[in-house]
Amino acid sequence: MTKAQQKIIELDAPASAERLAALNIGDVVYINGLVYTGREGVYRRILDQGEKPPTDLAKLSNINFHCSPAASIDSDGNYTVGAVTATASFRFSKWMERWFNLTDCKVVIGKGGMPQSDYRDYFVPKGAVYLTTVGYGTGALLGRGIKHVPKAYWVDELGIAQAIWILEVEHFGPFLVESDIRGNSLFEESKQEIDKNIEALYAGLKKPALRRYGETTKRTDEVI
Amino acid sequence: MIPETVIQDAAHEITRQAAIRIPEDYRTGIRDIRAGEQGALSCFVLDTMVDNWDAAVADQRPMCADTGLPRYYVKFGNEAVIQGGFVALERALRRATAHATVSVPLRPNRVHPLTREDHNNNVGSRAPEIEYSVEPDADWLDITTVHKGGLFGTDYRMLFPGDGWDGIKKMFLDTMIQFGRRGLACQPAIVGVGIGGSKDTCMVLGKQAACLRVVGDRHPDPEIAKLEDELKELGNQIGMGPMGFVGNSMVVDCHIEIAHTHTGGMPVSIHSFCLSSRRAVVRIYDNGSTEFRTDPKWFTTYHRREEVE
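In the order they appear, the protein sequences are chains Z and Y.
Start counting the first sequence at 0; every next residue gets the next number (numbering that gives the first Met the number 0).
Start counting the second sequence at 0; every next residue gets the next number (numbering that gives the first Met the number 0).
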């Protein structure tokens, strides 16, 4: 058995440029301070439909979590958050550049990252990093890190899953640095290594009778 | 006679348990696969997942916030009688889901597919799904709930008899690799493979194979059991681990279910359950007493029967 040896970092929100510059792919990060959730419902409403954000996000935090919590709201309007888990971020990359411009976001947390070209095109010019959740289902550990939910916006308009949740967090993690400010990518690094073995796995297997229309033909291509 | 209130309370309880407590067979499966894992990042992920399961039980909070699509599998003893009949049963399951969404809480995942409207209770048109099977000579009711994420890790293809075992292996590798990258499938998983039937039964069977059989279980047909071992080994030779990192942990176990199919075809479906493979079961007896467990015991000899009778 191998025991992982990784650098563990506590990152205060809002994240300073200096702290972000010191992050390297594979580092383990825990966050302290305020983060906000926002995913396709929020991006569509603000970036595509031109709705004004319900609060000054730039002033609040520069950490955007691609997630929706397992939460409920009682009759007094109080929030109970049980668990939080990220959702796959690659679906949101088309909004990232405009989101960065609007909110000055510097840290995106989500599941599975984005193609490395997105980091180079959208993240690196803004000095932004991407953190991935671990697993992916550390909902209970992340839920533990939430100390307070000061506010949730657009719950009625977008539903609990798509609303903007403001989370006050402490030792919130673990997350892995997937892309650093230089645009390196942990997933891309793993992919390069794994791809060396891929063709050998198929050696000797005959081709199926029916091919798939429009199928990807290179096994090293990703489907995202 | 089984009262509706007992069904609703029991269904609520399994929905809560499924969300919070990882089934023991899966935990053991992860422990075993971790023992053979060489990749440092893969080890870190597996260790973190175990920490997460412990935190979920200690705090009594869901292990994963993605509730998936909570659903039920109901097995009727042929002699079971439900107060209020099938309508009462379905009402109890829908109410239990809505109640648990608030009480646990579960993330309200279910939305209208086009308007995206969310009822905030995981109930809607055909939601939660309820599937049925029957068992002779019994007066109990088994209810299994499964919370499975739904976006990645599943594929269906119509293969042909000439494609043979090679065709299934190739499709298996394709599915594991394409959804394994970046860990989209939340592996290592229990992988279910449905072979045969019509297209829809093929999909249903493969999913049930992933969700309703426990780690270590083998198909009673020794030939199929051998194929299960072979696919498990193949998946773990890819060189990939959790989150798509370098490693050798993709398949905690592989379960195959078959259905007799069209003479010209061999439909195949592949389904990955996930690192939060949530299932819980209750048996409700005629006198209203309940027994909780995590093995659905769905695929009985009767359920897999081939003869005319």
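Incorrect hints may have been included.
Unchecked claim - Here are the computed lysine-lysine pairs in the DSS-like style, where the Cα-Cα straight-line distance is at most 30 Å:
1. Z:K205 to Y:K296
2. Y:K168 to Z:K205
3. Y:K198 to Z:K217
4. Z:K125 to Z:K206
5. Y:K296 to Z:K217
6. Y:K225 to Z:K205
7. Z:K217 to Z:K206
8. Z:K146 to Z:K51
9. Y:K225 to Z:K195
10. Z:K190 to Y:K231
11. Z:K190 to Y:K198
12. Y:K169 to Z:K190
13. Z:K205 to Y:K169
14. Z:K150 to Z:K51
15. Z:K206 to Y:K296
16. Y:K198 to Z:K206
As the list claims (entries may be wrong) - Incomplete in silico selection of chain Y near chain Z, CB under 8 Å:
17. V49
18. D50
19. G76
20. V80
21. I81
22. V101
23. N108
24. R180
25. M239
No lab work stands behind these hints: they were computed from the structure.
All C-beta atoms in this analysis are idealised placements derived from N, C-alpha and C, irrespective of residue type, glycine included.
Unmet hints by their number, sorted upward, for this structure: 1, 4, 5, 11, 15, 17, 19, 20 and 21
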